[in-house]
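Asks: As you go down the protein sequences, you meet chains A and B in turn. So in numbering that gives the first Met the number 0, spot 153 of the first sequence is number 152, and the numbers just go up one at a time. So in numbering that gives the first Met the number 0, spot 60 of the second sequence is number 59, and the numbers just go up one at a time.
In case anyone wonders, no lab produced these hints; they're calculated from the structure. Certain hints may be false.
Heads up, incomplete: computed chain A residues facing chain B, CB under 7 angstroms, no partners named [unchecked claim]:
#: 1; residue: His73
#: 2; residue: Glu76
#: 3; residue: Asp77
#: 4; residue: Glu79
#: 5; residue: Cys81
#: 6; residue: Gln88
#: 7; residue: Ile89
#: 8; residue: Glu92
#: 9; residue: Gln178
#: 10; residue: Asn181
#: 11; residue: Val184
#: 12; residue: Asp187
#: 13; residue: Ser189
Each residue gets a CB set at the ideal place from its N, CA and C atoms; glycine is no exception.
Below, each chain spelled out in residue letters.
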Amino acid sequence: MKISARKKAENRQAILAAAVDLIIENGVRSTSMRAVARQAGVGDATIYNYFPTKEALIQGYYIEAFSQAVDSLHSVEDFEQCNLNERLQILFEAILECFLADREFVNLTFASVFFDPIPAGKSVRAMRNQFMGVVKEQFQAAEESGELTEMMFRELVCHFVWDFFVAVVLYWLRDDSEQFSNTTVFIDRSMDLGYSVIRSGVLDKITGLASFLFKSHILSRVDMFDEHKATFRKLKQEFMDNVEPR
Amino acid sequence: MSSRDDIPEGRLARSLVGGKTVARVGGVYLRYAASKRFRSEAGREAARREMSGKGARILLDGLCQLRGTALKMAQMLSLELDMFPPEVRSQLERSCNEVPPMNRAVARKVLVNAYGISPEKMFTSFDSTAFAAASLGQVHKALSAHGEKLALKIQYPGIRGTIHNDVRILKGLLRPFPEYGALAPAIGEIEARFLEETDYLREAENMEFFRNSLNMKGVFISEVFPELCTEQVLCVSLLEGQPLNSWLKTGPDSRSRDMVAQRLQDIFIRSLYELQCIHADPNPGNFLVFPNLEIGVVDFGCVKRFSPSFVDRFRRLALALNRNDRQACVALLGELGTIEEDADPAQVQRIGEAFATYGEWISRLYADGVFDFGTERDFMREGKELSMSMRSVLRELNINPDFVFLDRTRYGLLRIFERMEARVRFRNPFEWPY
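So that you can see chain B by itself, here it is in the shape it has in the complex (with noise of 0.2 angstroms):
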């Protein structure tokens, strides 16, 4: 026996984890099954409704129980692909708050594997209980030698490992659920991106990028440490405010839910115009609000950068979308590799008006100099049931990635916005033509 053969990469009880939930995933949609042909119309839909929820509570346990890249995925998948049923988003929205953290032993030999020596040698203080759950890993707080404030980005040991099962276990966990076919490409990229998340030297590099260039008043990105940052620790100056979520929770007024948004909103377009690099994980827990209502940046482990040609062709097709260009619209598609080259003139007409509906719906934001989420009330679910109508359009389409990824993150931004009720200017000298 070789000795790699000794040691077993926890493979096997993360499967039995993973696959005693499918099995239960399984039977709850079996029982649902099996009753289904003996209920009423609306009997049949509110089953139908409790067996999703009942699905999603259980894959949810089962996710916990795999902490690390199965939890995280699903809070990817909750936010970005909005095609689970409410019932199922909520539970999955429910495990950002629920992640297990690792414990003050794990914690604690994370940093003495970075540093060599004990975090009571290193720090002047360090406090083992995360006060925030990162998720492939927590934050701990922790004062410098030279006194400075610091946010210790600790990452569970291994982690890296486990990503490849995880992901496969993922998929087993969401084949039972009819929205698996759809979901099953974006489950691959975002094993890629995983692997980027893990590593920390990168996040630094990220972070520091963006605090020496996107300089806008009232953004604040942590300072980085690196001679303190490893690929599994990140240790960068902590930034004291309060979650955008939780912040949310104590009930700011209108004008302060609408300046916060534009903040959102003016981050995004300036780092996707002016630095052709976006942060493209729009989670609600990674927007700090100070109490005078400046915005702090939290986790750059997931960054975009776009070519300038791509983001120069995406800028003119937001000006022909506002414009209302449709022949200008196809062409930049075609220049985008959207619509491939060969494509026989019936397939473009098909694609131009899918795209032109869409055009509609996203122009309606431009239309008048305020959008107002809060009485705009349907604009999301719209947007979600033109995509929905949109999929065999989609499918004829080689769609750009980089495309698919700005599209999904200011997506995210866009349910932000809705759920903070606020009211943005959209309008930008980039993106409108008048």
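Extracted from the complex, chain A is given alone in its bound form (with noise of 0.2 angstroms):
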């Protein structure tokens, strides 16, 4: 049987929903595939078209939040005229505003998923880059914009990016103030200084000096082969002569 586009999306969010639900109730350990099925009210076996395995499902959750912030950008009014700090952390705080009602599922699963010793798994890889293509955007934004001018490392500092995100969401599961309003000053604080970090150039200006360095390096060493082109030559036929069979 098929069914449409609209039945699966909505399958889909009924199956989060339910696996939010259950591991919130009984841990991840104790929440079973067959009991997620049942209380979103799809087939025991229907369930794996969907999600092939319960860390499949957990990611899946994740991966819809992330969605779903980056939805919730569009309706910012001035987000065009924010710089690139400010829309960082507006996303940032996006994102959390996604994972709040899902507190402690984000609790229970977040350091399993992101946190594993396992190199990163595709799916984790996804969500990765599906941060890193929208932090990107807003680089380049910054960068069209003038506000930036063009960074050498910009795929590093997108890392670096996700890397800082991953700590913002560890501290915010632990921030224990009023409408966690530490981690937005947490936010604000650090991103003020690596934002001031990357306008000044360090970055680039540290690797440019490392280039510099060892592009001269390099280049001293063509010359000396530049110099001695013609032994080398010579070195080459004599050897070439040799290996050609008579």
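Dock chain to chain to rebuild the complex, using the hints, since each chain is given by itself in its own frame.
Replies: Shown next, in the form of structure tokens:
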């Protein structure tokens, strides 16, 4: 039987909601795929069409939450006028707002998904790429508006933002201040610092210096090769002559 | 490790900022102290001035980094305790306009926390760039769903939790200044006031009280929208006047200045004697001037209520001063608890004399029908010198805290009048016996 795309999306939502409820109630270990399927009102076998494993199910939640948060950015009226650190801050806060209702679930699962000792699986990479894609867009926008000069190591910095984000979520999970305002302050302060480091171009200067040193070394060697080109050619010639079968 | 240990409240970071500043201020002082004995008298004075100027700038840098409380405290100290050298003061006053604003993301987050939905859904429009700095937060314009123009005062998140630490850091920052001894007690009181001022629900109540009871022609107070107020967000109707200090920069003529100053004085007198409750933050930024010279009063975070008996005694004290009745003055000071019951006669004599000198100074305001701050340029300076010379006597006094509050507010107003070079009628039916 073929079901519509809408029904499929609804099922997916129902499964995720059921999983969140059951995991909050019983913990990850004691929650079975079957229990989730029954609570969600889908067949015991059907659930595997959506998520092949419990891990995939949990990761599915995070992918969903990320997408929701990114969608919510469109409703921010003056997002376009915000500078880079404001945009990233809004993104972080939007994700945390999506997590908020399921905070207990996030508390039980976040570390196991993002801090797995086994190198991150495919789906974690997918999530990270999704996140970094959004971050990269913001960097690009900042470069286009002239807010930032073009960066040599944008990729690296984006990775860094991802790591920072994971740290923020872990901080948030342990934050017991009213309305988690300590997290907001934490994001604000550290983002301020990171942003000024990026803007000052320190990173590019350091890497620029390193590559300058590297290049000048290499080039001096290349020059040496150049000077002795004739010798090398002769050596090569002789070698080839020797190898050549008679 | 308990979960509490996991969350630094940012004190370490804040202390680092503070500590760095202390070190730098200390360094500047040290350099001054080292070079002191090698300078001529005139050179020494110049060096001292330069030193407090530098010290003040570094202090300001440090305070600006701390934002919030520390900065606000600096402003209060600069306004109320006229003890810093002018270099320090001018730096601190500049800071009123130099508060690094919280960015759009944070302002937004505070509103989401307060209302549970995004500002776009809450208001027809919301201007994410602040139009005014309120020391412990900032003010944004917004348009309500019903089309009313609103002013939203937004508090930096978590600021209440940092007040205590900031006060400690500020004490550390101020310690190298020679005036520290005199400032220390005031700082404790300021801390208590901060906790009050960061409660916006309370401010909303105060504002409503004044709006309903003050009823003065030409004086406006915002309407409060209680359903949109929380502890961190204050939502009131927008008053579109110009802040007093920027209005003064437009060079208004003397008639206008007199009129505005008189209104401020009348607000003070009426609040004190009829409402027994004053707006106790006479910062020039808290008064707005409209083109027709009407006045808007904003920021009711700091409001002081007095008991009727205190107000009555204070009024009789002013009357006695204006009649130059020294005996009545001493008796009233006793009633106000300022002279202790078991004080020996010599002490009472000393206090009486000191108070008489103070009385002579303050009653100059009432001497003629109108007091002209434009011509009486030395008046405020003399008052400051007087209070310095009275310090030894003040130490013997058990000053009624209400009295300190009132006096400080009045002093703040006088400083505003001085800056306005205005002509003000001080005689009023409550304080003038004739």
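Asks: If you take the shortest Cβ to Cβ gap from aspartate 187 of chain A to chain B, is it below 7 angstroms?
Replies: Holds. Min distance 5 angstroms.
Asks: Tell me if glutamine 178 of chain A is really an interface residue toward chain B, meaning its C-beta lies closer than 7 angstroms to one of theirs.
Replies: It holds, given that the least Cβ distance between glutamine 178 of chain A and chain B is near 5 angstroms, below 7 angstroms.
Asks: Report holds or violated for the interface hint on histidine 73 of chain A, using the least CB-CB distance to chain B and a cut-off of 7 angstroms.
Replies: 11 angstroms, violated
Asks: Would the hint on asparagine 181 of chain A be counted as holding, given a Cβ-Cβ threshold of 7 angstroms to chain B?
Replies: Because about 6 angstroms separates asparagine 181 of chain A from the closest Cβ in chain B, which is inside the 7 angstroms limit, the hint holds.
Asks: Next item in the hint list is glutamate 79 of chain A. Is there a CB on chain B closer than 7 angstroms to its CB?
Replies: 11 angstroms, violated
Asks: For the hint on serine 189 of chain A, does the least C-beta distance to chain B fall short of 7 angstroms?
Replies: Violated - the Cβ of serine 189 of chain A stays beyond 7 angstroms from chain B, reaching only about 9 angstroms at its closest.
Asks: With chain B as the partner, please determine if cysteine 81 of chain A meets the hint condition of a C-beta pair closer than 7 angstroms.
Replies: 5 angstroms, holds
Asks: When the nearest CB of chain B is found for glutamine 88 of chain A, is that gap smaller than 7 angstroms?
Replies: At 3 angstroms from the nearest chain B Cβ, glutamine 88 of chain A passes the 7 angstroms test, so the hint holds.
Asks: If you take the shortest Cβ to Cβ gap from valine 184 of chain A to chain B, is it below 7 angstroms?
Replies: The hint holds - valine 184 of chain A has a Cβ within 7 angstroms of chain B, the shortest such distance being about 5 angstroms.
Asks: Can we keep the isoleucine 89 of chain A interface hint, with Cβ of chain B closer than 7 angstroms?
Replies: 5 angstroms, holds
Asks: Have a go at the glutamate 92 of chain A hint: is there a Cβ in chain B nearer than 7 angstroms to its own Cβ?
Replies: 5 angstroms, holds
Asks: Quick check on the hint: glutamate 76 of chain A CB to chain B CB, less than 7 angstroms?
Replies: 5 angstroms, holds
Checked against the numbered hints given earlier, this structure breaks hints 1, 4, 13; the rest are met.
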